[in-house]
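Engineer: On the provided structure of chain X, position chain Y as indicated by the hints.
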Amino acid sequence: ETGVTQTPRHLVMGMTNKKSLKCEQHLGHNAMYWYKQSAKKPLELMFVYSLEERVENNSVPSRFSPECPNSSHLFLHLHTLQPEDSALYLCASSQGTGRVETQYFGPGTRLLVL
Amino acid sequence: QQQVKQSPQSLIVQKGGISIINCAYENTAFDYFPWYQQFPGKGPALLIAIRPDVSEKKEGRFTISFNKSAKQFSLHIMDSQPGDSATYFCAASRASNTGKLIFGQGTTLQVKP
Numbered sequence: 004e005t006g007v008t009q010t011p012r013h014l015v016m017g018m019t020n021k022k023s024l025k026c027e028q029h030l031g032h033n034a035m036y037w038y039k040q041s042a043k044k045p046l047e048l049m050f051v052y053s054l055e056e057r058v059e060n061n062s063v064p065s066r067f068s069p070e071c072p073n074s075s076h077l078f079l080h081l082h083t084l085q086p087e088d089s090a091l092y093l094c095a096s097s098q099g100t101g102r103v104e105t106q107y108f109g110p111g112t113r114l115l116v117l
Numbered sequence: 219q220q221q222v223k224q225s226p227q228s229l230i231v232q233k234g235g236i237s238i239i240n241c242a243y244e245n246t247a248f249d250y251f252p253w254y255q256q257f258p259g260k261g262p263a264l265l266i267a268i269r270p271d272v273s274e275k276k277e278g279r280f281t282i283s284f285n286k287s288a289k290q291f292s293l294h295i296m297d298s299q300p301g302d303s304a305t306y307f308c309a310a311s312r313a314s315n316t317g318k319l320i321f322g323q324g325t326t327l328q329v330k331p
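As you go down the protein sequences, you meet chains X and Y in turn. Numbering of the first sequence is given in my numbering, commencing with residue 4 and proceeding in unit increments. Numbering of the second sequence is given in my numbering, commencing with residue 219 and proceeding in unit increments.
In short, the hints are calculated from the structure, not lab data. A hint or two may mislead.
Stated by the list, open to error - Under the rule of at most 25 Å between Cα atoms (straight-line distance), these lysine-lysine pairs were calculated in the PhoX-like manner:
no.	chain 1	residue 1	chain 2	residue 2
1	Y	260	X	44
2	Y	289	X	44
3	Y	330	X	25
4	X	25	Y	223
5	Y	318	X	43
6	X	22	Y	289
7	Y	318	X	21
8	Y	260	Y	330
9	Y	223	X	44
Unchecked claim - Pulled a few chain X residues facing chain Y out of the computed Cβ check, cut under 7 Å:
no.	residue
10	93
11	105
12	110
13	111
Where a beta carbon is used, it is the ideal one built from N, C-alpha and C, also for glycine.
Just chain X, with the same shape it has in the complex:
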């Protein structure tokens, strides 16, 4: 595997379900990100982890819970989601969190909340 991988690629869940999204980066980076991509809206940064510590939480509802057990893995735990949370969730990584560091994105998980 190369680059940034995400699983699952598609997920359908009910509002009472609990599920987790997984991201793995194979680039040796030390920063990881979660973004939400909704149709006709800008990509929204959700969380930033640097050296496994959360350094940014962009006012995300508590029904989204990130976890970064090591610099290669990032999870997004989901519980009691709402239909408006349906979107493409993208994971990214970068060498550092400086503004000129290129962020490398995974293919995303397409989430549908019923």
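Structural biologist: What follows is chain Y alone, placed relative to chain X:
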């Protein structure tokens, strides 16, 4: 202040033509402006980026033009090809932001053969 406004929302160009996508920002503290390209089923990938100390940056058929006084920057794709059909996002960030890119709404480009 934190927004980046991108236009047009969609663009259709004939093969060989020039594609132009524009972005505008308000926050003068922004000092790094990347463009990302996203193909269907893929995540965005960095295409080209510019710092405000230069007015233009060219990489192959892709050029960023930057107008600091107008707080605008644009992506020009010369000799557009069907393989350029994708969604393009401009973005901006500033030194004090921890990896925080502010993205535009995206432009879906279709290049017709």
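Engineer: All hints, please: hold or fail.
Structural biologist: Now for the hints, and whether the structure bears them out:
About 17 Å separates the Cα atoms of residue 260 (chain Y) and residue 44 (chain X), which keeps this hinted pair within 25 Å; it holds. Under the criterion of a C-alpha separation no larger than 25 Å, the hint pairing residue 289 (chain Y) with residue 44 (chain X) is consistent with the structure, at around 21 Å. At most 25 Å may separate the alpha-carbon atoms for a hinted pair to count; residue 330 (chain Y) and residue 25 (chain X) exceed this at roughly 37 Å. Our distance criterion of 25 Å between C-alpha atoms is broken by residue 25 (chain X) and residue 223 (chain Y), whose separation comes to about 31 Å.
The hinted pair formed by residue 318 (chain Y) and residue 43 (chain X) meets the criterion: a straight-line CA distance of about 20 Å does not exceed 25 Å. Pair hint residue 22 (chain X) plus residue 289 (chain Y) does not hold up; C-alpha atoms about 42 Å apart against a cutoff of 25 Å. Between the alpha carbons of residue 318 (chain Y) and residue 21 (chain X) the distance comes to roughly 28 Å, so the proposed pair goes past 25 Å and is violated. The hinted pair formed by residue 260 (chain Y) and residue 330 (chain Y) meets the criterion: a straight-line CA distance of about 21 Å does not exceed 25 Å.
Taken as a hint, the residue 223 (chain Y) and residue 44 (chain X) pair is honoured in the structure, with Cα atoms around 11 Å apart against an allowance of 25 Å. Interface hint at residue 93 (chain X): satisfied, since its Cβ lies 5 Å from the closest Cβ of chain Y, which is below the 7 Å cut-off. A least Cβ separation of about 5 Å between residue 105 (chain X) and chain Y falls short of the 7 Å threshold, and the interface hint therefore holds. Evaluation of the residue 110 (chain X) hint against chain Y yields a held restraint, the C-beta minimum of about 5 Å falling below 7 Å.
A least Cβ separation of about 6 Å between residue 111 (chain X) and chain Y falls short of the 7 Å threshold, and the interface hint therefore holds.
Hint violations for this structure: numbers 3, 4, 6 and 7, all remaining hints satisfied.
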